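**Student:** Chain by chain, the residues run as shown.
2 protein chains.
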Amino acid sequence: MKYCFGVDIGGTTIKMGIFGEDGNVIDKWEIVTHTEEDGCQVLPDIAASISDKIKIHDLHREDCVGVGIGVPAPVTADGVVNGSANIGWKYKDVKKEMEELTGFPVSVGNDANVAALGEMWKGAGQGQKNMIMITLGTGVGSGVIIDGKVLVGAHGAGGEGGHVCVNPNETEKCGCGKCGCLEQYASGNGVANLARKRLEKENSETVLRKANLTAKDVFDAVKEGDAVAIEVAEEFGRYLGAGLAALAVVADPALFVIGGGVSKAGPVILSYVQKNYIEKAFFAHKKAEFVLASLGNDAGIYGAAKLALDSVK
Amino acid sequence: MKYCFGVDIGGTTIKMGIFGEDGNVIDKWEIVTHTEEDGCQVLPDIAASISDKIKIHDLHREDCVGVGIGVPAPVTADGVVNGSANIGWKYKDVKKEMEELTGFPVSVGNDANVAALGEMWKGAGQGQKNMIMITLGTGVGSGVIIDGKVLVGAHGAGGEGGHVCVNPNETEKCGCGKCGCLEQYASGNGVANLARKRLEKENSETVLRKANLTAKDVFDAVKEGDAVAIEVAEEFGRYLGAGLAALAVVADPALFVIGGGVSKAGPVILSYVQKNYIEKAFFAHKKAEFVLASLGNDAGIYGAAKLALDSVK
Chain A
27 MKYCFGVDIG
37 GTTIKMGIFG
47 EDGNVIDKWE
57 IVTHTEEDGC
67 QVLPDIAASI
77 SDKIKIHDLH
87 REDCVGVGIG
97 VPAPVTADGV
107 VNGSANIGWK
117 YKDVKKEMEE
127 LTGFPVSVGN
137 DANVAALGEM
147 WKGAGQGQKN
157 MIMITLGTGV
167 GSGVIIDGKV
177 LVGAHGAGGE
187 GGHVCVNPNE
197 TEKCGCGKCG
207 CLEQYASGNG
217 VANLARKRLE
227 KENSETVLRK
237 ANLTAKDVFD
247 AVKEGDAVAI
257 EVAEEFGRYL
267 GAGLAALAVV
277 ADPALFVIGG
287 GVSKAGPVIL
297 SYVQKNYIEK
307 AFFAHKKAEF
317 VLASLGNDAG
327 IYGAAKLALD
337 SVK
Chain B
27 MKYCFGVDIG
37 GTTIKMGIFG
47 EDGNVIDKWE
57 IVTHTEEDGC
67 QVLPDIAASI
77 SDKIKIHDLH
87 REDCVGVGIG
97 VPAPVTADGV
107 VNGSANIGWK
117 YKDVKKEMEE
127 LTGFPVSVGN
137 DANVAALGEM
147 WKGAGQGQKN
157 MIMITLGTGV
167 GSGVIIDGKV
177 LVGAHGAGGE
187 GGHVCVNPNE
197 TEKCGCGKCG
207 CLEQYASGNG
217 VANLARKRLE
227 KENSETVLRK
237 ANLTAKDVFD
247 AVKEGDAVAI
257 EVAEEFGRYL
267 GAGLAALAVV
277 ADPALFVIGG
287 GVSKAGPVIL
297 SYVQKNYIEK
307 AFFAHKKAEF
317 VLASLGNDAG
327 IYGAAKLALD
337 SVK
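Order-wise, the sequence lines are chains A and B. Per my numbering, the first sequence starts with residue 27, numbered consecutively. Per my numbering, the second sequence starts with residue 27, numbered consecutively.
FYI, nobody ran anything at the bench for these hints, they're computed from the structure. The structure presented is a predicted model; accordingly, all values stated were derived computationally and were not measured. Among these hints, one or two may not hold up.
Same chains, same names: a pair is fine if it fits in one copy or spans any two.
[Unchecked claim] List of simulated lysine-lysine pairs, DSSO-like, C-alpha gap at most 30 Å: (1) K313 with K116; (2) K227 with K41; (3) K339 with K81; (4) K155 with K175; (5) K236 with K155; (6) K290 with K41; (7) K41 with K175; (8) K290 with K199; (9) K301 with K116; (10) K28 with K199; (11) K249 with K79; (12) K313 with K199; (13) K116 with K312; (14) K122 with K313; (15) K175 with K312; (16) K175 with K339; (17) K242 with K122; (18) K313 with K223; (19) K242 with K312.
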């Protein structure tokens with residue numbers, strides 16, 4: 027049986043899986059990300075774990091199609107990373123180093139792009155060839171799939187949807203240094219910030235007046251009918267709808283897949299986004315559909331496995 | 027010798043060319059666009075013209091690789107157009123009809139996308155695989171090339187850069203029905219409008235106070251050092267820079283090629299755009315370069331020819 031490895035490198039843990047060619051999961055597990063000393067142990071740790079699992083499952087090395095890896099940073103088409111703050115890497119030729127460590131063909135991609143590929147292959151985007159996955163987590167990540175392939179871009183920074191400007195009047199800075207990025211309004215922190223700002227100028231009664239307010243609190247309150255929370259959700263929807271309309275101007279997707287922690291609020295998210303998207307989108311793009319992601323934290327290892335399988339086609 | 031036809035359909039004329047496989051132009055000419063009766067004569071006229079030229083140049087039909095066509099409308103990946111106001115078409119299966127009329131393989135694309143392909147093949151984008159061409163004409167069109175191929179999109183409306191929102195506060199409507207589209211500020215009419223609005227609230231002396239003010243007048247005045255014209259150019263640059271930064275968020279291009287009537291003002295355009303782009307772009311996208319288009323009105327027939335050649339690879 028042919029198989030491959032899917033690896034999703036995060037700042038805290040590295041998720042890994044063995045997949046059959048059909049996308050069947052043979053095993054999945056996690057190891058710790060050792061970010062010390064510029065993260066020099068990250069790739070050797072992954073290689074050692076791969077080697078162990080081949081023994082444990084009594085697999086033949088010659089049946090391994092390759093290793094796919096998702097990295098939280100821009101990754102060039104050649105598999106090179108020019109710095110990843112989360113892992114401690116500076117310049118790293120991930121593809122070359124990993125091929126030397128494992129002896130297998132290695133494919134590398136940006137983590138948000140790879141997650142989009144995973145959702146297209148085995149998740150909410152099955153059957154699609156043109157889709158955008160947007161991940162509303164601590165930040166906002168996105169992956170753009172064009173004609174079944176990840177849009178990598180000239181500098182490995184294609185599909186950076188969290189940093190599309192949706193508010194040219196903003197004076198507060200995004201983590202990236204610009205002002206008015208989608209991430210400032212549609213990430214977990216972004217939603218909580220929208221709520222805090224509204225509470226400052228609002229006297230109405232609301233369950234949102236509490237310490238350590240989160241995006242989850244906001245959407246829980248929306249479900250309870252809290253008027254202030256509903257206004258915050260509207261604002262979130264306006265920014266996210268405008269941001270996705272801007273991404274559609276380039277990509278013209280058939281489908282948006284919404285994932286990440288904020289999306290755990292469920293279908294209520296879609297209603298706020300889709301309405302505003304339709305209002306802001308170019309007429310030919312209004313037909314795009316919206317669904318919630320379905321693979322959760324496994325999207326990355328699925329996508330990485332798909333990357334490995336596609337590279338040998 | 028293998029050859030192909032490149033056809034660029036416009037609302038007034040249809041530009042056509044015969045190209046060798048290497049991109050050599052064997053002949054180029056124009057015919058009139060008959061838009062009467064839903065433009066039913068457009069494709070038969072093109073087919074007749076192709077047939078005539080094969081005879082005139084004594085070409086062998088079996089050496090014809092195919093016909094590429096650019097159309098001023100969204101075109102699906104299957105070569106179908108769902109309405110083109112400029113030509114009078116409603117639904118039209120351009121690929122199928124044209125293959126029946128000519129007996130040759132036919133490839134069809136959106137005109138702005140096809141022009142981008144032309145500039146990449148034989149114009150200012152030679153050697154690039156990831157680029158965006160933006161055409162500043164009566165409207166603003168754009169074509170996005172990813173990994174050497176035109177981004178077509180799920181509904182044939184990929185790369186509609188003229189309709190990215192760069193001003194959420196705008197109350198005037200764009201031709202598309204939305205408010206704040208890049209086209210409202212960076213097209214020929216857009217630049218003239220920016221100037222007219224500035225003159226309304228401005229008392230300074232300027233050569234711009236004249237009837238039928240055009241974008242050319244504005245940039246001519248910029249070259250003469252007219253202070254008001256320079257302010258208009260700055261404003262144009264801010265909107266275009268912001269718009270291109272938004273397109274880069276998805277496409278991460280190595281190069282922007284700027285074409286269309288407004289770009290005839292020359293390198294002065296680039297200085298206003300690039301400065302503002304760098305200010306607005308995500309850090310990984312700041313390295314993109316800017317050049318003026320070099321094929322002028324021929325970009326469409328070159329790109330259409332390339333489309334035909336690529337489709338048989």
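**Student:** Hint by hint, say whether it matches the structure.
**Tutor:** Checked hints:
1. Within a single copy, K313 and K116 get their C-alpha atoms only as close as 42 Å, which misses the 30 Å cut-off; across copies the closest is 19 Å, which meets it.
2. When the C-alpha separation of K227 and K41 is checked against a cutoff of 30 Å, the pair qualifies neither within a copy, at 43 Å, nor between copies, at 60 Å.
3. For the homomeric pair K339 and K81, the shortest alpha-carbon distance inside one copy (26 Å) is at most 30 Å, but the shortest distance between copies (44 Å) is not.
4. Taking the closest pair of Cα atoms, K155 and K175 come within 30 Å of each other both inside a single copy (8 Å) and across two copies (15 Å).
5. In this homomeric assembly, K236 and K155 never come within 30 Å of each other (Cα to Cα): the closest approach is 44 Å inside a single copy and 52 Å across copies.
6. For the homomeric pair K290 and K41, the shortest alpha-carbon distance inside one copy (20 Å) is at most 30 Å, but the shortest distance between copies (53 Å) is not.
7. With identical chains, the CA atoms of K41 and K175 are at most 30 Å apart within one copy only, with a shortest distance of 22 Å there and 33 Å across copies.
8. In this homomeric assembly, K290 and K199 come within 30 Å of each other (Cα to Cα) only inside a single copy, at 27 Å, whereas the closest approach across copies is 37 Å.
9. For the homomeric pair K301 and K116, the shortest alpha-carbon distance between copies (28 Å) is at most 30 Å, but the shortest distance inside one copy (42 Å) is not.
10. Taking CA atoms no more than 30 Å apart as the test, K28 paired with K199 passes in neither setting, with 48 Å inside one copy and 57 Å between copies.
11. Proximity of K249 to K79 under the C-alpha cut-off of 30 Å is found in neither arrangement, the shortest distances being 45 Å within a copy and 68 Å between copies.
12. In this homomeric assembly, K313 and K199 come within 30 Å of each other (Cα to Cα) only across copies, at 21 Å, whereas the closest approach inside a single copy is 33 Å.
13. Proximity of K116 to K312 under the C-alpha cut-off of 30 Å is restricted to the inter-copy arrangement: shortest distance 19 Å between copies versus 41 Å within a copy.
14. Taking the shortest alpha-carbon separations for K122 and K313, only the inter-copy value of 25 Å comes in at or below 30 Å, while the best intra-copy value is 42 Å.
15. Taking the closest pair of Cα atoms, K175 and K312 come within 30 Å of each other both inside a single copy (22 Å) and across two copies (24 Å).
16. Taking identical chains as interchangeable, the C-alpha atoms of K175 and K339 lie at most 30 Å apart whether they share a chain (13 Å) or sit on different chains (19 Å).
17. Taking the closest pair of Cα atoms, K242 and K122 never come within 30 Å of each other, the shortest separation being 41 Å inside a single copy and 52 Å across copies.
18. Neither within a single protomer nor between protomers do K313 and K223 lie at most 30 Å apart by alpha-carbon distance, with minima of 33 Å and 35 Å respectively.
19. Taking the shortest alpha-carbon separations for K242 and K312, only the intra-copy value of 28 Å comes in at or below 30 Å, while the best inter-copy value is 35 Å.
When held up to the earlier numbered hints, the structure conflicts with 2, 5, 10, 11, 17, 18 and fits the remainder.
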